[in-house]
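Asker: Each chain is listed here by its residues.
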Amino acid sequence: MLQRIVRWSRKKSPWILHLNSGACNACDIEVVAALTPRFDVERLGVLLKATPRHADVIISTGPVTRQIKDRIIRIYEQTPEPKFVIAVGACAMSGCVYRGAYNIMGGLDQVIPVNIYVPGCPARPDAILDGVVKLLGTL
Amino acid sequence: MKFTVPIGPQHPALKEPISLRMTLEGEVIRDADIRLGYNHRGLEKLAEEKTWLQNIYVTERICGICSHSHATCYTQGVEKLMEIEPPKRGIYLRFLVAELERVHSHLLWLGVAGHEAGFDTFFMYTWRDREVVMDILEMVSGNRVHYAINTLGGVRRDIDDLQKKKILDSLDFLRRRSEFYFKIGANEPSFVARIAGVGRLSKEDALALCAVGPTARASDISQDVRKDDPYGMYAEVPFEVATATSCDVLGRVVVRVKELMQSYNIIEFLLKNLPDGPVAVRAPRRAKPNEVVSRYEAPRGENIHYIKSNGTDKPERLKVRAPTLANYPATVVMLRNGFIADIPLIFAAIDPCICCAERAVVLVDGRSGEEKIVLMSELRKQAHERWKKAPLKKDAVWPF
Ligand code: SF4
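Residue numbers (the numbering used here), protein chains in the order written: chain A, 111 to 249; chain B, 10 to 409.
Read the hints as simulated data drawn from the structure, not as lab findings. Heads up, some of the hints might be wrong.
What the hints assert, rightly or not - With a cut-off of at most 30 Å between alpha-carbon atoms, the simulated DSBU-like pairs for lysine-lysine come out as follows:
no.: 1; chain 1: B; residue 1: K59; chain 2: B; residue 2: K328
no.: 2; chain 1: A; residue 1: K179; chain 2: B; residue 2: K54
no.: 3; chain 1: A; residue 1: K121; chain 2: A; residue 2: K244
no.: 4; chain 1: B; residue 1: K175; chain 2: A; residue 2: K179
no.: 5; chain 1: B; residue 1: K97; chain 2: B; residue 2: K212
no.: 6; chain 1: B; residue 1: K173; chain 2: B; residue 2: K267
no.: 7; chain 1: B; residue 1: K236; chain 2: B; residue 2: K192
no.: 8; chain 1: B; residue 1: K328; chain 2: A; residue 2: K179
no.: 9; chain 1: B; residue 1: K267; chain 2: B; residue 2: K175
Input sequences plus hints: build the corresponding full structure.
Answerer: Below is the structure:
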């Protein structure tokens, strides 16, 4: 019973943390655009949170630069269990055009485990929304 | 008593990774130190491995908000290197997208400024209207953010009369909305009280610190590459350079809203006078050895690309000076003697685009003058070794 309530509440209100790991900003504005009136993810109970300690879902963009690698791992560790990671954009999946540049790790999954990948350069807000919904479906 | 507060690299008030170190006395900022590098990807080096055409897509991804600015700045330069002249219709379409991008960027910024000032309704309004611009851009180019409409020698897509009409209709709507924002921005007492007098940058300071773009224009410096050194077809287009005299965040809001209005006029002019003909010419694969500096007025200020070719199909050197980098010294002055609660507002007011302005550090050996770029792990190893060898400080005192 308690288990079911916990699962239900987790599904109904995922709190997200938006993390930029060296992205070109386009994916980031699309993540923010998903919060604004046209797409409005807040109606699905999604709230953007400022600190990793409040978040359930980390939405991360960017190819992970070497400089920020340690911080990402730290942020991932600060997020309470259960935690989920959505990699938004071609960058976070594989490095996109930056593949081969000397200062990137080439994808988020090189650093932390990833649950859902949202492709696109940049991923459209509707695609990001779809990613969140798919993630909730797996709970 | 002075103490230092680190902000970032991941911080609620910042959308992008950057680290600020503030030296505070009570609530007053005495000094600020900006640290970069969290977003550095090494694009300039990467560009040397790709062909001229591939590099359009690389430069476009320097930044997602002013992607067209970087791509156009680069393409302009390369066209000069290759000695080709894009057809007139191509140029008109290219700068049509450029002005649309300015509109979307300024609307985005207005929203962010409203959000940082605690006026979230404004944020939601401007971002809703921004979607109208995004729709136009998607219709014209096929993508919402990275338009990829530039190619060497012109643009990749043409527009038809139906699209033209749609854009003109949307312009009416956007004009009406922007007038409304102007009214709010100038008359809403609590909003004005929050932003007036915050982040002062005097005209002398702005000149001395080489501020660019709306930051400089809000300090009463009439400086705009589109007017001062017209590129493309800007010499034929009638428009005014928007300035403000108040030298604070309020002035920066006013300048940007005025620029929105100018951009609508430019877009209308371009659409009404769109010449007929092809949109692109064929570009050669190689460029003769030469070098070029290309200037472009991005939404955030002057963008400079330096390109050097060596006769092959790849650039030998690409150097990018993004407008945000030019504005950092001015930001430090703006932050000084401000309050800690004003940091996000002041910082947002230069419209920072951190990913544009990333830099790597080259270490210069003081004794031999030898330059090298080292890996972080290498640097850490060196630091450990040095620390092991360092003599123990016996009389060290705890700093209190
Ligand atoms: S996936 Fe594309 S749009 Fe997104 S951050 Fe990477 S380069 Fe930018």
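Asker: Now tell me if each hint is right for this structure.
Answerer: Hints and how they fare:
| no. | hint | verdict |
| --- | --- | --- |
| 1 | B:K59 to B:K328 | 15 Å, holds |
| 2 | A:K179 to B:K54 | 20 Å, holds |
| 3 | A:K121 to A:K244 | 11 Å, holds |
| 4 | B:K175 to A:K179 | 45 Å, violated |
| 5 | B:K97 to B:K212 | 38 Å, violated |
| 6 | B:K173 to B:K267 | 24 Å, holds |
| 7 | B:K236 to B:K192 | 27 Å, holds |
| 8 | B:K328 to A:K179 | 26 Å, holds |
| 9 | B:K267 to B:K175 | 23 Å, holds |
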